[in-house]
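Trainee: Here's the letter readout for the chains.
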Amino acid sequence: GENVEQHPSTLSVQEGDSAVIKCTYSDSASNYFPWYKQELGKRPQLIIDIRSNVGEKKDQRIAVTLNKTAKHFSLHITETQPEDSAVYFCAASTWNQFYFGTGTSLTVIP
Amino acid sequence: DAEITQSPRHKITETGRQVTLACHQTWNHNNMFWYRQDLGHGLRLIHYSYGVQDTNKGEVSDGYSVSRSNTEDLPLTLESAASSQTSVYFCASSEVTSGTQYFGPGTRLLVL
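Chains as they are written, first to last, in the numbering used here: chain B, 28 to 137; chain E, 71 to 182.
If you are wondering where the hints come from, they were derived from the structure by calculation, not from laboratory data.
Wrong hints could be hidden among the right ones.
Claimed, not checked - List of simulated lysine to aspartate or glutamate pairs, DMTMM-like, C-alpha gap at most 20 Å:
no., chain 1, residue 1, chain 2, residue 2
1, B, Lys64, E, Glu142
2, B, Lys69, E, Glu73
3, B, Lys69, E, Asp108
4, B, Lys64, B, Asp86
5, B, Lys64, E, Asp108
To be verified - Stretch by stretch, here's where chain B covers chain E in the computed footprint (C-beta under 8 Å, at least three residues):
no., segment
6, 108–117
7, 166–174
Backbone N, C-alpha and C define an ideal beta-carbon position, used for all residues, glycine too.
With the hints as constraints, model all of the structure from the sequences given.
Mentor: Right under this line is the structure:
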């Protein structure tokens, strides 16, 4: 089955700096790659996603890039703010099944 | 507004007892999923369903079962609760076409 690895497990940045979280996947059949943000004690919330026919997608301060050849995708957050502090999960999906990474705990220091 | 709910939100039980966690969605999604979340493991798939009467095992299905008698509900049953099943459980649902999964608020289960 699919194996998704996510790095780093923890990340601290100064407010206003950029944050990058990277994920790799193993199954070339995976065709959908969502990113979820989970605040403490809350449910995971979708923040951005990308499909395999697209190389990059941007939504305001958040962007995701996908390299199908290398089987990796990344989340980029620019101009970070304290409210960006949370755990971020990547996932790879094929046939509607999600395989999640182990999460990155992002702390934005004011 | 359409939503996905879980009950109870918190549960304490003893080892060996049968426990059922409820999940209800009003989006009319065909796909429903159960995950458990543990520190260091992220979200791991327990069971999933692609429609009424359809159920499938995920990567950590031992000790759990589900049934799908209608589109809205996918209850998760722990046949004989074990301490290793102490976790936070999330239900999710998705449309077949988009695949985007939406999560419920979670159930925190403690097995003593």
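Trainee: Are 3 or more residues of the segment 108–117 of chain E near chain B, judged by a Cβ distance of less than 8 Å?
Mentor: holds (count 6)
Trainee: Report holds or violated for chain B covering the segment 166–174 of chain E, Cβ cut-off 8 Å, minimum 3 residues.
Mentor: It holds: at least three residues are needed, and the segment 166–174 of chain E offers 7 whose Cβ sits within less than 8 Å of chain B.
Trainee: Holds or violated: lysine 69 (chain B) with glutamate 73 (chain E), Cα cutoff 20 Å?
Mentor: Measuring from Cα to Cα gives roughly 15 Å; hence the hint holds.
Trainee: Going straight from one Cα to the other, do lysine 64 (chain B) and aspartate 108 (chain E) come out at no more than 20 Å?
Mentor: This hinted pair holds, its Cα atoms lying about 16 Å apart.
Trainee: Holds or violated: lysine 69 (chain B) and aspartate 108 (chain E), Cα atoms, limit 20 Å.
Mentor: 14 Å, holds
Trainee: Holds or violated: lysine 64 (chain B) and aspartate 86 (chain B), Cα atoms, limit 20 Å.
Mentor: At roughly 14 Å apart (the allowed maximum being 20 Å), aspartate 86 (chain B) and lysine 64 (chain B) satisfy the hint.
Trainee: Check the hint pairing lysine 64 (chain B) with glutamate 142 (chain E) against an upper bound of 20 Å on the C-alpha distance.
Mentor: Given that 20 Å is the threshold and the Cα spacing comes to 25 Å, the pair is violated.
In terms of the numbered hints stated before, the structure departs from hint 1 and from no other.
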